[in-house]
Amino acid sequence: MAVLVGLPAVDYAFAAGDEPGEYLDRRVLIWNLFYKMMTVAFITGSVVSGTIIWQVWRFRESHPKAKPTSYEGTDW
Amino acid sequence: MGNHSNWPEWIYVAVVIALMTWVGAEAWEAERLVEHVPADAETIIVTGQQWFWTFEHEDGTKEIGELHVEVGKAYKFEVMSKDVNHSFNIHDYVVLMDAIPGRVNTVWFAPDAVGEHDIQCREYCGLIHYNMRGTLYVTEPTT
Amino acid sequence: MTLELQKPRPIWQIMFSTHHTDVGLLYLISSLTFLFLGGSLALGIRAELFLPGSQIIADAMTFNRIFTVHGTTLIFLFIIPFASAVGNYYVPIMVRYKDMAYPKLNAIAFWMIPPAGVLIWLGFADFTWYATPPYSIISAPGPAADMWIFGLKILGISSVLGALNFVVTILKCKHPDMSIGQIPLMAWSFLSSSLIIMVAIPTFAAALLMLLTDRLGVSGFFNPAMGGDPISYAHLFWFTFHPEVYVLVIPAIGMMYEIIPRFSRKPIYSYSSGVFAFVMLSIVGFSSWAHHMYATGMSFTEKTVFMVGTLAAVPASAMHVFNFVATMWNARIRFSTPMMWAVGGIALFFSAGAGGVVNSAMPLDFTTHDTYWVVGHFHLFVMGTIAFGSIGYLYYMFPYVTGRMYNETLGKIHFILSFIGTVLVFFTQHVLGLYGMPRRIYDYPPIPEWIAMNQIASIGAMIIGISMAVFLANMIHSAGKGKFADTDDPFGLGGKYYYPFEAKNPSH
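Protein chains in written order, with my numbering: chain L, 206 to 281; chain P, 6 to 148; chain Y, 108 to 615.
Note that these hints are calculated values from the structure, not bench results.
Fair warning: there could be bad hints in the mix.
[What the hints assert, rightly or not] Cross-link-like lysine-lysine pairs, in silico, BS3-like; alpha carbons within 30 Å at most:
hint, chain 1, residue 1, chain 2, residue 2
1, Y, Lys279, Y, Lys260
2, L, Lys241, P, Lys87
3, L, Lys241, P, Lys78
4, P, Lys78, P, Lys67
5, Y, Lys603, L, Lys272
6, Y, Lys279, Y, Lys205
7, Y, Lys211, Y, Lys260
8, Y, Lys519, Y, Lys603
9, Y, Lys205, Y, Lys281
10, P, Lys87, P, Lys67
11, Y, Lys279, Y, Lys603
12, Y, Lys205, L, Lys272
13, Y, Lys519, Y, Lys588
14, Y, Lys281, Y, Lys211
15, L, Lys270, Y, Lys603
16, Y, Lys588, Y, Lys281
17, Y, Lys519, L, Lys270
18, Y, Lys519, Y, Lys205
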């Protein structure tokens, strides 16, 4: 995966910014990277916190379907 | 404990590693592009001291607290400090470089629109750190 | 000896005691005192930043001193001593030994903390907890700065002695019937964090001495005017203090490993992955220190190395989260106060970690470095994860320290208010950083977005402040007048608690 993403990046890096008057825009580049990462972070975050919130709701002891774990009553 | 399959955890760890590899690769690519200073960039010497910025253009003109640049040119800042650490920052153009006494750090940018932007110090430098500010004026090209 | 407040003793008996629970109690009380002292400074900072211009703090110098002492206090005088308190109470029990390995050394390590705290608070230095040269050498006013240096020096020795004691207790004094693979995960967390302390702290101790002689003008290690290099201080500092981040977080995770299975009424999902992740973190933690220094003019290669080093710590942290989630799966969870704090801490641990990943991605440093993003990020760790885990554990050990129960309703109110406050303050600060507001500023220009977000953050801080007042009232009242706890099973969960009643050693 690193290779797949990395190789085109190397090509691009050597090609960019060498013609006078044509400069790459660091704002665009950096904020793009930021938004890409935020997209991934928020997706991952919603999965993780969604799981935790669901667990907290489902496995609370007052839930109608709550059942004792197999360890209860033992000296684990 | 013990009598469960470990596959969910292995898959999970693999996903995390893949994500981190992706983050690293993306960041590496972007950093490479950002660090590539154009060959025809004009040099501006930026000097930080408690508590103001001084700018020296290639033609020798000096400005204090204000910086005038032109649209469409690339500028390379050579950032240095006279006393303590500062950090030269034009947030609107995502320019940031520490000014460390005894060192010359470089960072570049190419303004693309006429306007005024804040320049500030982002590294703690003492009493008036909060007000070590300046203004960047981006003007139409003169030539 | 264990039920301190049920069997009143003259205070000097506790003060001059070397028994691990007595030293633990001393650690506990002093760390909580500093929590409230440092926290009230934070409220002062937030009140000042509520609006642009000067509010309640007269000048920039006072403000700079306040945030310096705020950071120093909460890191060195609250979080670390709190972990020592918990470790003192529990580690000997967990390895089934009568006391810490070196009881006198243990008491000495504790008694170094009050003088250090006095030095830091009477000095009230202004050079941030990072004490960065050349500012700290040529500009910071003495004697405050020198007192800070001596204070930190003493604290460094104290934590090395404490760490040494934990390592020897765990490795050499554990019961011969127990293998190292049988000690509880919380004991593993203390073993890992103590090893990190012993490797990391000496570097900073050396840097502090060099800083002091630089201030005296007899050397120029970090002073460019004398041929020194301020960047070398940054390396020495972060070589200690990036691993130190793991020193702070690992015991808190260890405490969650004690709380979460207990209240889930299930053993931990995978003991071995917990151990692996602790060991992994304490090794990989040493490969990422210079990610704090991307903007100091590091080369592309250096940055890449430290970015990879930083990202390498993520899988291990993520394994802990997996372990917690898997433990709670199919459980029957009782949400008493300690469990609420632990689960809240895990939820915020993810956000803090994700922010850290973004910080370490090299070019994003241009947008986030030294802005409020960073403030929000590390506060999510120290408050959202470490303090949450610690406070949860404090509620968990309360019945055994005092023999009484805290007030459950007030505990839950404390958690809910703190959680809301933490989210309001620190998530807002992330966004504020993206709008470019630098850290450590006394005043800011009246940019509407900055004002709005600072106000949200200040309101959040007040909510945390209120919750902490509830906490204090609950602790003081319940310690003296609370209901007596069922000391075998105070939370009604069944199973075997690591409570030190089994380790009575009255002859000590």
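Here's how the hints hold up against the structure:
Simply put, Lys279 of chain Y and Lys260 of chain Y have alpha-carbon atoms about 28 Å apart, close enough for the 30 Å limit, and the pair holds. For the suggested pair Lys241 of chain L and Lys87 of chain P, the alpha carbons sit about 39 Å apart, so the restraint of at most 30 Å is broken. Annotation: proposed proximity of Lys241 of chain L to Lys78 of chain P holds, straight-line Cα distance about 28 Å (limit 30 Å). Restraint check for Lys78 of chain P and Lys67 of chain P: the C-alpha separation of about 19 Å stays at or below 30 Å, so the hint holds.
A hinted pair counts as satisfied when its Cα atoms are at most 30 Å apart, and Lys603 of chain Y with Lys272 of chain L qualifies at roughly 20 Å. Among the hinted pairs, Lys279 of chain Y with Lys205 of chain Y is consistent with the structure: their alpha-carbon atoms are about 13 Å apart, no more than 30 Å. Of the supplied pair hints, the one linking Lys211 of chain Y and Lys260 of chain Y holds, its CA atoms being roughly 20 Å apart against a limit of 30 Å. For a cut-off of 30 Å, the pair hint linking Lys519 of chain Y to Lys603 of chain Y stands: about 25 Å separates their Cα positions.
Between Lys205 of chain Y and Lys281 of chain Y the alpha-carbon distance is near 10 Å, which keeps this suggested pair within the 30 Å criterion. For the suggested pair Lys87 of chain P and Lys67 of chain P, the alpha carbons sit about 16 Å apart, so the restraint of at most 30 Å is met. Between Lys279 of chain Y and Lys603 of chain Y, the direct Cα distance comes to roughly 24 Å. Compliance with the 30 Å bound is thereby established for this hinted pair. Restraint check: the Cα-Cα separation between Lys205 of chain Y and Lys272 of chain L comes to about 39 Å, which exceeds 30 Å; the hinted pair is violated.
Distance restraint check for Lys519 of chain Y and Lys588 of chain Y: the Cα-Cα separation of roughly 19 Å lies within the 30 Å cut-off, and the hinted pair is therefore satisfied. At most 30 Å may separate the alpha-carbon atoms for a hinted pair to count; Lys281 of chain Y and Lys211 of chain Y meet this at roughly 19 Å. Between Lys270 of chain L and Lys603 of chain Y the CA atoms are separated by roughly 26 Å; this keeps the pair inside 30 Å, and the hint holds. The suggested pairing of Lys588 of chain Y with Lys281 of chain Y is violated, with an alpha-carbon distance near 37 Å, which exceeds 30 Å.
Between Lys519 of chain Y and Lys270 of chain L, the direct Cα distance comes to roughly 24 Å. Compliance with the 30 Å bound is thereby established for this hinted pair. Taking the CA atoms of Lys519 of chain Y and Lys205 of chain Y, the gap is about 35 Å. The hint is violated against a cut of 30 Å.
In summary, the structure is inconsistent with hints 2, 12, 16, 18 from the numbered list given earlier, while agreeing with the others.
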